[in-house]
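Engineer: Residue numbers (our numbering), protein chains in the order written: chain A, 274 to 387; chain B, 77 to 191.
You can take every hint at face value.
Reference listing, derived: stretches of chain B covered by chain A, where coverage requires no fewer than 3 residues with Cβ under 8 Å from a Cβ of chain A: (1) 119–126; (2) 181–191.
Chain A is nowhere near these chain B residues, computed Cβ spacing over 12 Å in every case: (3) Ile87; (4) Thr88; (5) Ser90; (6) Gly129; (7) Asp130; (8) Thr131; (9) Glu142; (10) Ser149; (11) Asn151; (12) Ser156; (13) Trp159.
Example chain A residues on the side facing chain B (calculated, C-beta under 10 Å, incomplete): (14) Ile277; (15) Gln279; (16) Tyr304; (17) Gln310; (18) Gly313; (19) Leu318; (20) Glu332; (21) Ala365; (22) Leu374; (23) Gln376; (24) His377; (25) Phe378; (26) Arg383.
Hints in this document: simulated from the structure, not taken from any laboratory. C-beta atoms are modelled at their ideal positions from N, C-alpha and C, and glycine is treated no differently.
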Amino acid sequence: DAGITQSPRHKVTETGTPVTLRCHQTENHRYMYWYRQDPGHGLRLIHYSYGVKDTDKGEVSDGYSVSRSKTEDFLLTLESATSSQTSVYFCAISEGDRGLLAQHFGDGTRLSIL
Amino acid sequence: AQSVTQPDIHITVSEGASLELRCNYSYGATPYLFWYVQSPGQGLQLLLKYFSGDTLVQGIKGFEAEFKRSQSSFNLRKPSVHWSDAAEYFCAVGAQDTGRRALTFGSGTRLQVQP
Numbered sequence: 274d275a276g277i278t279q280s281p282r283h284k285v286t287e288t289g290t291p292v293t294l295r296c297h298q299t300e301n302h303r304y305m306y307w308y309r310q311d312p313g314h315g316l317r318l319i320h321y322s323y324g325v326k327d328t329d330k331g332e333v334s335d336g337y338s339v340s341r342s343k344t345e346d347f348l349l350t351l352e353s354a355t356s357s358q359t360s361v362y363f364c365a366i367s368e369g370d371r372g373l374l375a376q377h378f379g380d381g382t383r384l385s386i387l
Numbered sequence: 077a078q079s080v081t082q083p084d085i086h087i088t089v090s091e092g093a094s095l096e097l098r099c100n101y102s103y104g105a106t107p108y109l110f111w112y113v114q115s116p117g118q119g120l121q122l123l124l125k126y127f128s129g130d131t132l133v134q135g136i137k138g139f140e141a142e143f144k145r146s147q148s149s150f151n152l153r154k155p156s157v158h159w160s161d162a163a164e165y166f167c168a169v170g171a172q173d174t175g176r177r178a179l180t181f182g183s184g185t186r187l188q189v190q191p
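Please take these sequences and the hints and turn them into a complete structure.
Structural biologist: Structure representation (structure tokens):
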């Protein structure tokens, strides 16, 4: 158990509203990630963080922002949700200090935007 | 940029039969390679990983994978499948000498097990 908690686990909201998803870890890992999972696409990287206030974009970052003010928390925000952002969102941490070792995942957040 | 291809979207095997799931990657140097399994409604669980050394790696739940540099492949195998192995399987690659500090995932193979 990598000590990763995602909240909420499920959320339904309307187009145009802001949404924030939270990822919390208990083991002081340096690297944290947000992915989205859609049928036929596997997992696609949205943003990742390599330390407090240090973040970088993934390949599907448009429409998303992140923040990491504490080592243990990594927040994903949809400033104005759209239906195309309906997905399952996974947070992950990486073993080690370089971000390339094994990643461990939370249980996911299922987000529906109507 | 590195990429991962899982050619089989869906595979069905009989319980007790052997299993091989294919994974091909595109990357110039020796990558870090991983296999994950995802049961419905769950997150991804690491099955095994390859960094260097012995090209045949053993993982959890009786799975193994073999790294073949000449074929740019990292196929997952299991000699005898159990009904509980029904799930989706993802191959992933990490690139050592790029600025990217994240894994790239394939699109997954869904395994169905027939009784």
